[in-house]
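First to last, the sequence lines map onto chains A and B.
Okay, so the first sequence: first residue is 1 according to the working numbering, each after it adds one.
Okay, so the second sequence: first residue is 1 according to the working numbering, each after it adds one.
You may find that some hints are simply not true.
[To be verified] Mimicking DSS-like on lysine-lysine, the simulated pairs with C-alpha atoms at most 25 Å apart in a straight line are:
| id | chain 1 | residue 1 | chain 2 | residue 2 |
| --- | --- | --- | --- | --- |
| 1 | A | Lys86 | B | Lys103 |
| 2 | A | Lys27 | A | Lys82 |
| 3 | A | Lys91 | A | Lys27 |
| 4 | A | Lys122 | B | Lys59 |
| 5 | A | Lys117 | B | Lys59 |
[Unchecked claim] With beta-carbon atoms standing in for the labels, derived distance ranges:
| id | chain 1 | residue 1 | chain 2 | residue 2 | range |
| --- | --- | --- | --- | --- | --- |
| 6 | B | Asp97 | A | Ala121 | 53 to 59 Å |
| 7 | A | Phe147 | B | Met102 | 31 to 37 Å |
| 8 | B | Ser93 | A | Arg167 | 16 to 22 Å |
Source of the hints: derived by calculation from the structure; they are not laboratory data.
Bear in mind that the values here come from a model prediction, so they are computed numbers and not experimental data.
C-beta atoms are modelled at their ideal positions from N, C-alpha and C, and glycine is treated no differently.
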Amino acid sequence: MNIAEILFYAISALILGGGILAVTSVKIFRAAIWLLFSLVGIAALYFWMQVEFIAAIQIVVYVGGIVVLIIFSIFLTQNSGKEMAKPATGKIIFSALAALFGTAFVHNLIVHYEGFKYISAKPFNSNVEAIGTQMLSTTSYGFILPFEAVSMLLLAAMVGCIVIAMRPKNEMEINTIKETENI
Amino acid sequence: MQEIPLTQILFVSTALFFIGMYGLFTRRNLITMLMSIELMLNSVNINFVAFNKYLFPDKLDGLFFTLFIITIAAAEAAVAIAIIINLYRSHNSIDVDDATEMKY
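The shape of chain A in the complex, shown without the other chains (with noise of 0.2 Å):
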């Protein structure tokens, strides 16, 4: 066993596991911060497979975007020190069961399939600089068309954000009346 393969299989086991501790756990920060973990691992997983630049994206946009973001709406919204209401245990043991089921017949299915075992011997470039190119090159296998199309949902996402979570109007107009009244 050298040591790519005792990397993976560390990293696989920070992945999983961190992975169904996020899931289990009942104090939802300490669940928070396991996901955190296991996001760390699949870019570490990245970094295993040598695709640099997905792993840099991975960390900074969950790690640094999602999980941040995560973490205040839970200290917005939850009392974090208090332990969440446990699920039935029927419920446990039918969730359980499906996700081990489903687990085995995929993996039924990843074992039987002969495609997966011949490997291509094809150098693989994956610098920012080829992915750049072809992200903004307008020719035939091009990415510019989604790109443009993702930048207006980013756009639409942070307005529509900006108005969901805004108070509304007249209960801030009540609220200045108040505080000039007190004034």
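Given the coordinates of chain A, assemble chain B onto it according to the supplied hints.
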């Protein structure tokens, strides 16, 4: 990295997907359900990158799918958290069992 076959990476992503599914079934809190969905999206991303690297190394399409999934997941998480905060403001709870106005 030819020592580890592709099937083992696929097995890790399968297990991660079903861990997320288990969380989605058992959790009743909106934030933890959102965390389970993030785990499932990440398992799909692992699949895309692994297929691209091992089966089609002369193309980059899997990496682009991963990039777009990460972008859309970020937008989705932001909108979901705005909805969660709005729900907390009107119901004082983010439990899915407490928001039943649109049931039936």
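Going through the hints against the structure:
no. : hint                            : verdict
1   : Lys86/A - Lys103/B              : 23 Å, holds
2   : Lys27/A - Lys82/A               : 7 Å, holds
3   : Lys91/A - Lys27/A               : 19 Å, holds
4   : Lys122/A - Lys59/B              : 10 Å, holds
5   : Lys117/A - Lys59/B              : 19 Å, holds
6   : Asp97/B - Ala121/A: 53 to 59 Å  : 54 Å, holds
7   : Phe147/A - Met102/B: 31 to 37 Å : 36 Å, holds
8   : Ser93/B - Arg167/A: 16 to 22 Å  : 19 Å, holds
Checked against the numbered hints above, the structure violates none of them.
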